[in-house]
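**Student:** Read off the chains here:
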Amino acid sequence: MTQFIIQRIYQTVIVLFILSLFCFLLIHMIPGNPVLTILGDEATPEEIRMLTEELGLDRPLPMQYLSWLGGVVQGDLGTSIIYREDVKDLILKRLPPTVHIGITSFIISIVAGVPLGVIAAVKRGGWIDGFITTSSNFSMAIPNFWLGILGIYLFALNLGWLPVQGYVSPTEDFWASQRYVIMPSLVLGLSTMAILARQARSSMLEVIRQDYIRTAISKGIKTRVVIRKHALKNAIIPVVTIAGLMLPNIVGGSVIIEQVFNVNGIGRLVLQSVFNQDIVVVQGCLIVLAIAVAAANLLVDLSYGYFDPRIRYK
Amino acid sequence: MEHLLDVKNLSTEFNIDGTHLKAVDDVSYHIDKGEIVSFVGESGCGKSVTHMSGLQLIPTPPGKITGGEVIYKGIDLLKLKPDGEEIRKIRGGEIGFIFQEPMTSLNPVLTIGEQIMESIILHLKVGRAEARRRTIDMLKKVGIPDAESRIDDYPHQFSGGMRQRLMIAMVLSVNPKIVIADEVTTALDVTTQAQILELLRDIVKSMDTSLILVTHNLGVVARYAERIYVMYAGTVVETGTTKEIFNNPRHPYTIGLMNAVPRLDDPKDKKLVPVEGLPPNLANKKDQCPFLPRCVFRTEECHSSPAPSLNEVREGHAAACYVDVSKVQNNNIVEDEVASSMIVGEQEKPIINEPALPEENLLEVNHLKMYFPVTKSIFKRKVGEVKAVDDVSFYLKQGETLGLVGESGCGKSTVARAILRLYNPSEGEINFQGQDISKMRKKVLRPLRRNISMIFQDPFSSLDPRQTAESVVGEPLIVHNLVNNRNEYTQRVDELFRMVGLDPALKNRVPHEFSGGQRQRIGIARALASEPSLIVCDEAISALDVSIQAQIINLLESLKEQLNLSYLFIAHDLSVVRHISDRVAVMYLGRIVETADWETLYDNPKHPYTKALLGAVPIPDPFIEEEREHVVLKGEVPSPLNRPTGCSFHNRCPIATPECKTIDPSLSEIEDGHEVACINI
Amino acid sequence: MRTDTSLGKNEVIDSPPQRKELKRFLKVFLGRKIVIFFGLILLAVIFTAIFAEQVAPYDPYAQNLGNALQPPSAENLLGTDSLGRDVLSRVIFGARTSLIVGIISVSLAASIGVVIGLIAGYFGGIIDSIISRLIDAIIAFPAIILALAIGAVIGAGMWTVILALTIGLTPSYARVMRGQVLTVKEQEYIKASEVIGANNIRIMFKHVFPNCISPIIVLITLNLGVAILAEAALSFLGVGITAPQAAWGAMVSEGQRYLVSNPNLSFAPGVCVLLIVLAFNMVGDGLRDALDPRLRGSI
Ligand SMILES: Nc1ncnc2c1ncn2[C@@H]1O[C@H](COP(=O)(O)OP(=O)(O)O)[C@@H](O)[C@H]1O
Ligand code: SF4
Ligand code: SF4
Ligand SMILES: [Mg+2]
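Protein chains in written order, with my numbering: chain C, 1 to 314; chain W, 315 to 995; chain G, 996 to 1294.
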C-alpha cells in the first residue's frame, strides 16, 4: 500500500510539473511580443519596459520558470495586469462559490448515479433499466449551458421557484444559499451522474458474470445478499476510477455554469481574464485548478486502497 | 432402494442468437450415499451444465431447463423457485459445488474467513464466534498452515492449490450430503492434483458424503471413482462400475478415449489411436447417434435409426450403442485399418532402423541463467531476482526429441523463450548449429530464425485472429524470402496444409473458424514452413482435448520421421513426454534435477522429485491403481524468489538429510547418460 | 489439458470468413432499431450540412433589421433573430460548422493519438513513461479550460477550437491504443511472429495495429459527439466560433438575452446539439457492441 501511495504521489508531482510548465509557457506562446499584445498599440516605451520587467521577460527562460515556480510554491501568483490586484487574493475571493457548487455537484452525481446504475443492472432488460439507460444517454448529450438556460426559463422565470441567477454564501444565509446552488449543481453534475450510472451498470453486469458470484449463489445465499455483499464491492472499483476521471469535467463545466448562472467564481474569473488578455490571472487560475484537480484525483486514487484489498496488501 | 439423488431425463438448452444448443439431452443418473461417482467426457460435452442444472445454477437466459426431474429426498428440485427458501437450503447446505477455476471462484474483496463463515452461519444457524471456530477447524482439516492467522487473509494471498483447498473447506464446512467437484484439479499440477484429490476423498469418506467427480482425466477416474458415467455430446453414452467399464468398455467412444491417451505403463512403441474427426456440434442436433460421424463401428442401422438410448449390457452396465462391440470381429463391419487397431488395442509401430544420431550437437545449452529483476517503487530499485532458470545445461542432436518436464513455474517455458530469444538470457551460452546465439543482436539473429521454430500452447491465442490461415502459414515464407512468386507461394502453402492434414481449400478462413485441433495443425504448418531443423514445442498439446491430443502427437511423430526434425518438447504431462521423447530432463525450481534416456528415467528414476512426480500421475486402469501406493508429495513449490538453501527440494524431500540444507547438489552422472542432482543416492 | 476450452469455441463454420464477420456485424449493428433510427438522423444531418446552400430557405447572413425577433411563422419557420436573420437557415449552416469542427479535430486527434499510443505501447520503457505522464497531464486538465488558455493566447476562432479539441482528445486515443497494444503485444501470435523472424515494422503494422483498431473506431464515433458538444460550449462562452459564422453554441448565447420574449432562439440550436450528440453516442454504442462483444459496456 505504501508503495502504491508513493507511486501515486510521484505521478501526481510529475503531472503537476508538466502542467506548471505549460502554464508558465503560456505567456511565451503569445505570438509576437506578449507585452505589446497585452498593452495594445498605444503603449509607451516606458510602459512596455515596466511590464517586461514586471513579468520578468528580460531574463533567461529557465530562470524565469524557476522564480515563477518559487512564487507559486510560496503562494505568490503575481499581480493582475488589468485589476492591478494580487492574483492570489483575487482567486481566494472567487474560490468559495466554485468549490461549493463543484463539490455539491460531484457528491450528487455519485450519490445518485451509482445506485441508479446498480438498479439498472440488477433489473437489466426491464423497463426501469430502459428508463435509466435512456435518461443517461440523454443526459450525456445535453449541452449543459443550454440545460441551464432551460432551467432558468422554466423554474425561475416561469414558475418562480428558484432565483434566476447569482450566488449567496451559506455563511450568509444557509437556506437561501441552497436555493441558489441547487440548480447549477444539478446541471453541472448531470453528465457526470449519467456517466457514473452507465459505468456502474456495466461493471455490475460484468461482475455478475464472474465465477465468484456463481460460487456465492451455489452456497445458497439470497440473490439480494449476493448483490449487496458479493457483487457491489467488486463493481464499485472501476466506478471509482471513472469518478476520478470526471473531476476535470466538473472543473471545466464550472466555467460554463458560472457564466450561465452569473456566479462570480473562478470559472468566470478565467473567462473574463481571457477576454481581458490578463495572462497573469489566467496563469494563476490554471495552476490553482491544476493543483486542485490533481489533489482530488490523488484522494480518489487512494480510496482504491479502501475498496480493493489487492492494492491494500501489495 | 431409493437413491440419494435421482435424476431422470434431464434436458437443458442454450438459446444463442436463434440457435438451440442442446447442452444436456435426456440425461438420467443417480447417486447413492457415500459413493464416489465420476462423470467423464471431453470439454463441452455437458458435464458442468448437467450438474448446474440440477441446482438451477444455469444462467437464464440464455439457458433453459427443458425437461426432466431431479429428485432429492423425495422433492423435485426443478419444481422449486430458483431463488426460493427451499432450494437455497439444499444448494450449498445439502449439495455443495466446487468449481474448476480456483483463481476466480473466490470473491477477491472478502476475506476467506468471511466467505467460509457465511456458509456456516447460513446453513448451520450458529453464531459468528462459533462459525469462526469451525472455520479454523476446517481450514486445519484441509491443510492450511497457520489457520488462525490466515483466516483473515484475502484469496489473492493464496496459491491456486491452496485456493482449491479453501473451496473444499467452504463447501464441506456445512456437512453436505453430496459434493460436486467440477474439474477441480484441471488447472493444477500433478503433485497438487494428487494432494487435493486425496484430501477430498479422505474427507468425504470420513463424513460419508457422496462425491461427484467431474473430469476428463481417465487416470483420475481410475484412481478415485467407484462408478462412472461417460458423457458425449450432452448424453450419457455408457455407465457402470469403474472396473467393469475399464475392463469391458462397450461404447465405441469409451473405447476410443482409452486408446487415445498415452499411459505411463504403455509399451513405448504403442501407437496412439486418436478419435478421428471433430468434437460434436450441439447446435441443431439431429435425432441420430451423436458419435456417428466419428465412429469406426457404425453400421447401416446407425445411419437409419434414431439416437440409441442406454441399454443394459450386463448387470449395472449400460451403453447407448446399437452394436455389440465385444462381438465385432476384425473384418466384418470394420471399415478401415484404424478400427482394427482399436480392437486389437494397440498396433506395433513399424520398426525402422533409427539412423545413428550425428556426432555434433544441433543445440547445446550451457549454464543458461535467466534472472528477472524484481523492482520496487517508482525508481525501479532492484530488490531481488526471480531466478527462473538457474544454470541449466543440455544438448540436443539432429533428429532427436528431448522432453523437458516439471510443474508449472519451474522454468520450462522460460528455457524455451530464452532459446528463441524472446528473452535475453542473463548468462550462459546457447549454441545452435555451432553459433552462440545467446547474445547475438536481434537483427543478426533474424535470418537464423529460419532454422528454429516454435509451436505454442494455446491454439486460440497463438494465431492472429485477423489473418487468414493462409497468411499465418505463409508468413515465414515471406519473411525469409523463401518463395519467388505468388504461384510458388500458393503451392508451398497448399503443400504445408496437406502435410499437417488440413484441406488447402480451408485456407481462406480466419483462425476462429477452425476447431482447437485444426488450429494447432495450422500452428504446426507455420512452424514447418521455413524448413527448420529444430522445433520447440511449448505445451503444444496441453490445451487440446484427449482425443485430439492423440491426433497431434501422431502428427508430430510422423513429421519428425519424414523430415528428420529435432524437438525440444516441453510439457507437464509425464505420460505424453514419455511417449514422444528420446531423452527426458526433469526440472524443479529453475534447475534440471535429473536427466536420462526415456527408458531409464521412467523405469529407474533416481531423484526423489522424479519419483514423486511419477507416483502422482494416475494410470487409467483401476486394477493397477488399486495396487499402487499413493505417496503424496507434501508442501508446495517454493517461490523462485526465495529458493531454499542447499538442495532446493529439501523442504519437501521424503529422504532429506540434515546436509541437504547446506549442500547444493549439482548434476552428476551416475551411469552412462543418467545424471542426477542429489547427494543421497 | 489444463484449460477446459468449452463454450462453443469448437464449432466450424462454413461460409467464408469475411462474409460471416460482416454478417455478424450487420446483424448486431442493425439489429437494434434505435441504432438505425439515430444512424438515419446522422445521415440526414450530414446531408443537410453538405448541401446547406440548397437546403436552407434563406441566406443565413442576410440581415433585415426591420424583420428582427419575429416569432415562428410560415415564412420563417423558426422565426428570426435580433438582426432579422432566418433562424432555420442559421441552424442549418450551424450543422456544417459543428461537423467541420468535429470531423477535423477528431481526425487529427485520432491520427496523432493512435500513432503515439502505438509507439508508447509497443516500445515501452522510457518513451512510454514520458508519453504516459504527458497523457496523464492533459487528461487531468479540463479541456474547456485548456481551450480558454489557448484562446487567451491566440484569440477566439474556429482554429482555436480545433486546436484545443485536438489537444484535448488526442490523449484518449493514445491511452486506448496504448492499452490495446499492451494487451495485443502479450498475445502469443505476436511472439509467434517474432520467432518467425518478422521485424518490428511488420509486427507493428501487420499484427498489432489491425488487432487494436476496433475500440478506436468506436471512440472516434463517440468523440465526434464530445467535440461537437465542446465546440458548442466554447462558442457559447464566446471563445469559439465568432460572428457572423453560424454556430449553435453562439446562437444559444445570443438568444439568451431574449429568453422571455423569444425562447425559440435559444431552444432550437440547443435541441440540434442534443440530437446530433445523442445520435453519435447511440451509433457509437451500437458499433461497439457489433464490432466486439467483449467491449460491451466499456469506454
Ligand atoms: N452460459 C452458457 N451460454 C451458452 N452456452 C453454454 C453456457 N454454458 C454452457 N454452454 C454450452 O453447453 C455445452 C456444454 O458445456 P459444459 O457443460 O460446460 O461442458 P463440460 O463441462 O462437459 O466441458 C457447451 O457446448 C457449451 O458451449
Ligand atoms: S450406435 Fe452406431 S454410430 Fe453410434 S456409437 Fe454405436 S456403433 Fe457407433
Ligand atoms: S539432495 Fe537431499 S533434499 Fe535434495 S533431493 Fe537429494 S535427498 Fe532430497
Ligand atoms: Mg466443465
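Source of the hints: derived by calculation from the structure; they are not laboratory data.
Treat the hints with care, as some may be off.
To be verified - DSSO-like, lysine-lysine: derived pairs with alpha carbons at most 30 Å apart:
#, chain 1, residue 1, chain 2, residue 2
1, W, Lys491, C, Lys123
2, W, Lys584, W, Lys641
3, W, Lys455, G, Lys1180
4, C, Lys123, C, Lys233
5, C, Lys229, W, Lys393
6, C, Lys123, W, Lys455
7, W, Lys403, C, Lys233
8, C, Lys222, C, Lys88
9, W, Lys711, G, Lys1180
10, G, Lys1180, W, Lys683
11, C, Lys222, W, Lys454
12, W, Lys378, C, Lys222
13, W, Lys711, C, Lys229
14, C, Lys123, W, Lys378
15, G, Lys1186, W, Lys378
16, W, Lys696, G, Lys1022
17, W, Lys584, W, Lys387
18, W, Lys439, C, Lys233
19, G, Lys1180, W, Lys701
20, C, Lys222, W, Lys403
21, W, Lys683, W, Lys641
22, W, Lys711, C, Lys123
23, W, Lys393, W, Lys600
24, C, Lys229, W, Lys584
25, C, Lys222, W, Lys439
Unchecked claim - Derived DEER-like restraints, expressed as beta-carbon distance ranges:
#, chain 1, residue 1, chain 2, residue 2, range
26, W, Glu973, C, Ala295, 58 to 64 Å
27, G, Glu1181, W, Gly949, 29 to 35 Å
28, C, Trp127, G, Glu1048, 43 to 49 Å
29, G, Gly1120, W, Glu941, 36 to 42 Å
30, C, Glu46, G, Glu1048, 33 to 39 Å
31, G, Gly1120, W, Ala819, 28 to 34 Å
32, C, Leu154, G, Val1110, 57 to 63 Å
Keep in mind the model is a prediction, meaning the values are calculated, not measured.
Glycine is no exception: its CB is placed at the ideal position from the N, C-alpha and C atoms.
**Student:** Confirm or reject each hint.
**Tutor:** For each hint, the structure was consulted:
1. A distance of roughly 34 Å separates the Cα atoms of Lys491/W and Lys123/C; the hinted pair therefore is violated under the 30 Å criterion.
2. A distance of roughly 24 Å separates the Cα atoms of Lys584/W and Lys641/W; the hinted pair therefore holds under the 30 Å criterion.
3. Between Lys455/W and Lys1180/G the CA atoms are separated by roughly 44 Å; this puts the pair beyond 30 Å, and the hint is violated.
4. Under the criterion of a C-alpha separation no larger than 30 Å, the hint pairing Lys123/C with Lys233/C is consistent with the structure, at around 18 Å.
5. A hinted pair counts as satisfied when its Cα atoms are at most 30 Å apart, and Lys229/C with Lys393/W qualifies at roughly 28 Å.
6. Proximity of Lys123/C to Lys455/W is assessed by CA-CA distance (about 41 Å); at most 30 Å being required, the pair is judged violated.
7. A hinted pair counts as satisfied when its Cα atoms are at most 30 Å apart, and Lys403/W with Lys233/C qualifies at roughly 25 Å.
8. Between Lys222/C and Lys88/C the CA atoms are separated by roughly 57 Å; this puts the pair beyond 30 Å, and the hint is violated.
9. With a CA separation close to 33 Å, the supplied pair Lys711/W and Lys1180/G exceeds the 30 Å bound.
10. Taken as a hint, the Lys1180/G and Lys683/W pair is honoured in the structure, with Cα atoms around 25 Å apart against an allowance of 30 Å.
11. Note on Lys222/C and Lys454/W: the hinted pairing holds, with a Cα-Cα distance of about 28 Å set against a maximum of 30 Å.
12. For the hint pairing Lys378/W with Lys222/C, the CA-to-CA distance comes to about 21 Å; that is within 30 Å, so the pair holds.
13. Distance hint between Lys711/W and Lys229/C is unfulfilled; the C-alpha atoms sit about 59 Å from each other, more than 30 Å.
14. Taking the CA atoms of Lys123/C and Lys378/W, the gap is near 19 Å; set against the 30 Å cutoff, the hint holds.
15. For the hint pairing Lys1186/G with Lys378/W, the CA-to-CA distance comes to about 41 Å; that exceeds 30 Å, so the pair is violated.
16. Between the alpha carbons of Lys696/W and Lys1022/G the distance comes to roughly 53 Å, so the proposed pair goes past 30 Å and is violated.
17. At most 30 Å may separate the alpha-carbon atoms for a hinted pair to count; Lys584/W and Lys387/W exceed this at roughly 48 Å.
18. Of the pairs offered as hints, the one joining Lys439/W and Lys233/C holds, with about 25 Å between alpha carbons and a cut-off of 30 Å not exceeded.
19. A distance of roughly 24 Å separates the Cα atoms of Lys1180/G and Lys701/W; the hinted pair therefore holds under the 30 Å criterion.
20. Of the supplied pair hints, the one linking Lys222/C and Lys403/W holds, its CA atoms being roughly 10 Å apart against a limit of 30 Å.
21. About 58 Å separates the Cα atoms of Lys683/W and Lys641/W, which puts this hinted pair outside 30 Å; it is violated.
22. Proximity of Lys711/W to Lys123/C is assessed by CA-CA distance (about 64 Å); at most 30 Å being required, the pair is judged violated.
23. Among the hinted pairs, Lys393/W with Lys600/W is consistent with the structure: their alpha-carbon atoms are about 28 Å apart, no more than 30 Å.
24. For the hint linking Lys229/C to Lys584/W, the alpha-carbon distance of about 55 Å lies beyond 30 Å, and the restraint is violated.
25. At roughly 15 Å between alpha-carbon atoms, Lys222/C and Lys439/W fall within 30 Å of each other, so this suggested pair holds.
26. Judged by the Cβ atoms, the range 58 to 64 Å given for Glu973/W and Ala295/C holds: they are separated by roughly 59 Å.
27. At about 31 Å, the beta-carbon gap between Glu1181/G and Gly949/W stays in the expected band of 29 to 35 Å.
28. At roughly 45 Å, the beta carbons of Trp127/C and Glu1048/G sit within the given window of 43 to 49 Å.
29. Here the CB-CB span from Gly1120/G to Glu941/W is close to 58 Å, at odds with the stated 36 to 42 Å.
30. Taken as a hint, the range 33 to 39 Å is violated for the pair Glu46/C and Glu1048/G, whose Cβ atoms sit roughly 54 Å apart.
31. A beta carbon spacing of about 45 Å between Gly1120/G and Ala819/W contradicts the range 28 to 34 Å that was offered as a hint.
32. For the pair Leu154/C and Val1110/G, the supplied restraint of 57 to 63 Å is violated, since their beta-carbon distance comes to about 47 Å.
Going down the numbered hints, you'll see the structure goes against 1, 3, 6, 8, 9, 13, 15, 16, 17, 21, 22, 24, 29, 30, 31 and 32, while the others check out.
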